[in-house]
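Protein chains: 2
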Amino acid sequence: MAKTGNAISPARSADYAAWYQEAVRAADLAENAPVRGCMVIKPWGYALWENIQAILDGMLKQTGHRNAYFPLLIPLSYLEKEAEHVDGFAKECAVVTHHRLVKDAGGGLVPDKDAILPEPYIIRPTSETIIGAVFASWVQTHRDLPLLINQWANVLRWEMRTRLFLRTIEFLWQEGHTVHETSDDALAETLKILKLYTDFVQNYLAIPVVSGVKSPSERFAGAVETYSIEAMMGDRKALQAGTSQFLGQNFARASGIQFRNRTGAAEFGWTTSWGVSTRLIGAIVMTHGDDNGIVLPPRITPMHVVILPVMRGDDADAVVFEYADSVAAQLRDATFDGRSILVEIDKREAGGGHKQWDWIKKGVPIRIEVGPRDIEHDAVTLFRRDEETRRSKKVARPELASLVVATLDEIQKGCFDRALAHRDTNTRHISKKSDFVEFFELPKSGNREIYGGFALSPWCGSPACEEWAKTTLKVTIRCIPEETSADRREPCVVCGQPGAAVPLFARSY
Amino acid sequence: MAKTGNAISPARSADYAAWYQEAVRAADLAENAPVRGCMVIKPWGYALWENIQAILDGMLKQTGHRNAYFPLLIPLSYLEKEAEHVDGFAKECAVVTHHRLVKDAGGGLVPDKDAILPEPYIIRPTSETIIGAVFASWVQTHRDLPLLINQWANVLRWEMRTRLFLRTIEFLWQEGHTVHETSDDALAETLKILKLYTDFVQNYLAIPVVSGVKSPSERFAGAVETYSIEAMMGDRKALQAGTSQFLGQNFARASGIQFRNRTGAAEFGWTTSWGVSTRLIGAIVMTHGDDNGIVLPPRITPMHVVILPVMRGDDADAVVFEYADSVAAQLRDATFDGRSILVEIDKREAGGGHKQWDWIKKGVPIRIEVGPRDIEHDAVTLFRRDEETRRSKKVARPELASLVVATLDEIQKGCFDRALAHRDTNTRHISKKSDFVEFFELPKSGNREIYGGFALSPWCGSPACEEWAKTTLKVTIRCIPEETSADRREPCVVCGQPGAAVPLFARSY
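Which chain is which? The protein sequence lines are A and B, in order.
Just so you know, the first sequence maps onto residues 1 to 509 in our numbering.
Just so you know, the second sequence maps onto residues 1 to 509 in our numbering.
Here chain A stands alone, though its shape is the one from the complex (with noise of 0.2 Å):
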C-alpha cells in the first residue's frame, strides 16, 4: 500500500463539492447517466439501497403497511384538483404528450402527430393524486379505515441543477400513503413515521437526525403540516433526509376520498404520506465518509468483510487461497445484526496494494489480509475502515469471528458518534443578531465551503424574518424542532419581536 496520501483528491477541506463527486465516483456508487440529470446507480450503490429497501421495509411491514402499485403516468386534470399542489410541482413536471413514434422525411424519428394524447399525462413527482383516486373508491366506511399503504417507485422532478443522489431528475423512493378516520388518528401517524424514520437513520445508517415540524413556507405543497429530519453532512450544511407529512382533509377532498363514519354520515378522509429516496446515499456519503472515500456503517454495508489473499503467482497462492477459504467460511457461520456475516474474497490479479485502496475507497469495515506467514501461525492481519489505512492486527483464527462481531459493533457505533460529535460541536444556540450573521457568513478567505452549521435560534414566526435569512445568509429553517418549541421565548434573532418558536437554521441541500 502507498505510505502517504490519500486515496482520493480533493480532500474534504480544500473542496468539499468535489470532494463528494470524488468518494461517489472512486466507490463506483453511481455515475452521471447519458440523460440529462439523471444517475446511474452501479451495483455498489445498488445494493446499499437495497439494504435500505429491505430494512426498511421490514420495519413498514411490522407497522402493518402493505406495499402497492400505482401508476407512473398522472393525468394532467389529477394535477389540478389540489391547487396548493399544483403550484408546488407543475414547473418540474415531464410532460407525455404522444404515444406513438414516425419516421419523418428524412427517415429519422419523431413523435407521430397523429398519436397525440388526448388529455397529457405527467410522469409522477410523487403520487398523492393518483393514489388518492383510487382510494376514493377503496374507502367506503369507517371499517376500511385505516388504510395503510406503501409504494416503492421511481419518479420524476425536472431539477435544474443535479448532484449525484442528492438532487437527481429521476430517483427512486418508497412514498407512503395513509387514510385515517380522525385528524388526531392521521396525526398520530404521522409522528409514527417520523419516529420510525429517526429510528432507522439513527439505527441503521448511524446518522444522527433533529425532528421537527417545517415552517409554512416549507410545506410539502398542499399539506397541513410537514415533519421532517434533518441530519448535519461533513461540511457542515443540513440535509433533509425523511419527510412526514399530514394532509388534513386537503387531498381526500380533492380526490374524493369520503366513507361513511360511525354515526353514518358521509366524511373526508384524513390522509398522511411520507417518503424517503436514494437521496439517503448521499447522505451517508457526507456523513461518515472521510479523505479516503466513503465508510459505511456495518448495519447497512453490502459487505462486512473483504478477505485479501496475498498473492505472488506461483504454487504457494493455492495454499493461501484454501486458507482464505475456510477464514471466510469461519466468518460466514458468525451473525452480526441478525444475519451471517457477509464476507467476499478478492481473488482478482492485481496488487495487493491496489486491492486494498480500491476496497478502502468501498468504505468496507473490514479488510483482512492472508498471506503464507499468517497461515504459519494460524491467524490473519486485520485492518479496520475506521483506522488509519496502514494500521493493522493479527488476530488468531480462534479468536477470529467473535473479535470480527465485536469490531463490527464498534464501527457502527464510532459512526455514530463521530457524527453526533461532529454536529453537536458545531450546532450553535444563538439570540444575537451579531452572532447570527457572524456564524453564517461565508469566510472572506479559506475553505469557503466549510462554515456554519445548525443554529437553534428564536423566530418571531413572520414570513419576512425567514425571508431575510434566506436572501442575506442563504440559510433557511430546516425544521422546528419539539423539544425547544415550548421552553425558549427569547427575542427574535431577526427582528427583535417577541419569539414564537426556535427553529434550526442551516445552509441546506
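It should be emphasised that the hints constitute simulated quantities derived from the structure, not laboratory data.
Computed from a prediction, not measured in an experiment: that's the story for all the values here.
Every residue gets a Cβ at the ideal spot worked out from N, C-alpha and C, and that includes glycine.
Among the clues, some could well be false.
As the list claims (entries may be wrong) - Footprint (simulated), chain A over chain B, 3 or more residues, beta carbon under 8 Å:
#1 268-277
#2 422-429
Stated by the list, open to error - Straight-line alpha carbon distances no greater than 25 Å define the calculated SDA-like cross-link-like pairs of lysine to any residue that follow:
#3 Lys61/A - Trp138/A
#4 Lys192/B - Thr63/B
#5 Lys113/A - Leu117/B
#6 Lys61/A - Asp325/B
#7 Lys413/A - Glu344/A
#8 Lys113/B - Met160/A
#9 Lys113/B - Glu159/A
#10 Lys347/B - Asn261/A
#11 Lys103/B - Arg253/A
#12 Lys61/A - Trp173/B
#13 Lys103/A - Ala90/B
#14 Lys103/A - Arg219/B
#15 Lys195/B - Leu456/B
Once you've looked at the hints, dock chain B against the given chain A.
The following block gives chain B in isolation, referenced to the frame of chain A:
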C-alpha cells in the same frame, strides 16, 4: 358456508375471459387504474410479486448477476441506433416532449411551450439502448467481461388492447443485460437463463413450461435468437412466461460496446438480454385457478395458512382467540421451504362463511377453523384449497405442524401435476394438415373459448406457412423445442414440403 354454487361467476367453461377478470378481482390482486391501459397492483397481488422478486433475485445473484438501475427516459436518438429495434418499438412508445406545465388563459394546466425538450425522450419500453450506451464506457478490456447486470424496473409499451397482468401499458419486470467476450459465452448465458427461468417457473410457480427458440418472425426486435418458455393456460392457450435473447453483436455495434480482446485487438462485445414480468401473476391465475377463483402454490403464496376463529360475539371469543394465537405460534415455529410458515388470524367481525369464501377466493393453500369444540378436543379443523370447499379434517394439535408442512408439499406438487396433466392431455403430435385444421378450428357451437391446445407439427421453415397458420387459424409458432427439432423430419404440416423443425403451434396470449 354456502352449500352450493361457486365462489365466483362465470365458470371457466362458460366464459374464460370473464372468469379471469373475476378471479383477479375476487382475489383482490389488481384493478384497472384510472389511467388508460394501466393497472393498480393491490397488496395481495403485490405480495405475490414481492415473492417472485425475492426468489428470482436470489437465483440471479447466486449465478453472479448484480442489480443496478438505469434511467427511465431514453433519448430518441438512442432508439434509432438499432434499425430492427426501432421498427419493433417505435409504434408503442410514450413520448416526453415538455418538462414543465403552465396555466393557460382559462386557468387550466397545459404543457409549457417554452419548455419543449431539445430532443424528446421516450419512456423505456425495454432498456437495451440506454444500458448499451452506459456499458460502452464500463467495458474496456476482456478483463471487464463477463458483465452480468440485472435491473428491476417499470416499463411502458403503448398497447391498444390491455388486460390485467397479461398485457398492460405499464408493467413491472426484471431485465437482465450482459456482455461477453465470445459468441459462445453469450449464447451459453442466454441458455443458462432460459434454464433458470424454467426452474423458477416450474419449481416455484408450479407451472410446467416448454422451452425453445422462437421463429424469426417472433424474435425480439434486434435479436439474433430469442428463446422463450411457454406455458399452457386453463383455456389451452399458450402464454409466453419469459424470454432470453442472444443479441450477437447487434446492440454492441449500435451502442459502441467495444473491448480489447486477448490479442489486443478491438472487438465488439457479445450481448444478451432477458426478462420476466408481472405477467407471471396472470400465468399463476390461469394455470391453477378453478371456478372458486385463484389457487396459490405454497412456495409462492404470501400466506400459507389462515386461521379462522369461530366467533359468537360473547365471552367465549377471548378463549377462541387465545387458542388461535397458540395455533399460529405453533405453526410459525415450523418451517416450510426454508422459511417459517406464514400464518394470519382473521379476527374480522364477519360471518364465518363469508370469511371462508374470502380466503378461498384469495387462493390461500390451507384454512384452519378453530371453535369451542376444537378446543375441547385440543384439535383444529383443516380445509385445503385444492379440495372441495366443504371437505375438512379434524387434526389433533400434536400432529398439526408436521401435517401442515406435508400438506403444503402435497398442494405444491398437486398444482404442478394437475397443470402438467392438463397440458399433456391437450398436446398433440399432428402431422396431417386436416387434423391440424380440425384441432385449431373454432368450434361451431359450445364454448368457443376453450378448444385446441398445443400442436407439435413439422414445419418447412418458410414464413409463408407460418403466416398461413396465423391468418387462417390464429395460431403462431410459440417456440421450437430443442428435443424435437432434430428427430422428426416429416413433411411440413402446411405445405407438405420437407420439414425442417417441429415447432410448438398454439393460440396465445
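A quick look at each hint next to the structure:
1. 268-277: Result for this restraint: violated, n = 0.
2. 422-429: Violated: only 0 residues of the segment 422-429 of chain B have a Cβ under 8 Å from chain A.
3. Lys61/A - Trp138/A: Holds, because 20 Å separates the two Cα atoms, which is no more than 25 Å.
4. Lys192/B - Thr63/B: holds, 9 Å
5. Lys113/A - Leu117/B: Holds - the C-alpha atoms of Leu117/B and Lys113/A are around 16 Å apart, at most 25 Å.
6. Lys61/A - Asp325/B: Measuring from Cα to Cα gives roughly 19 Å; hence the hint holds.
7. Lys413/A - Glu344/A: holds, 23 Å
8. Lys113/B - Met160/A: Between Lys113/B and Met160/A the Cα gap is close to 17 Å, so the pair holds against 25 Å.
9. Lys113/B - Glu159/A: holds, 18 Å
10. Lys347/B - Asn261/A: holds, 21 Å
11. Lys103/B - Arg253/A: holds, 22 Å
12. Lys61/A - Trp173/B: holds, 23 Å
13. Lys103/A - Ala90/B: Distance of about 9 Å is within 25 Å: holds.
14. Lys103/A - Arg219/B: Given that 25 Å is the threshold and the Cα spacing comes to 22 Å, the pair holds.
15. Lys195/B - Leu456/B: holds, 21 Å
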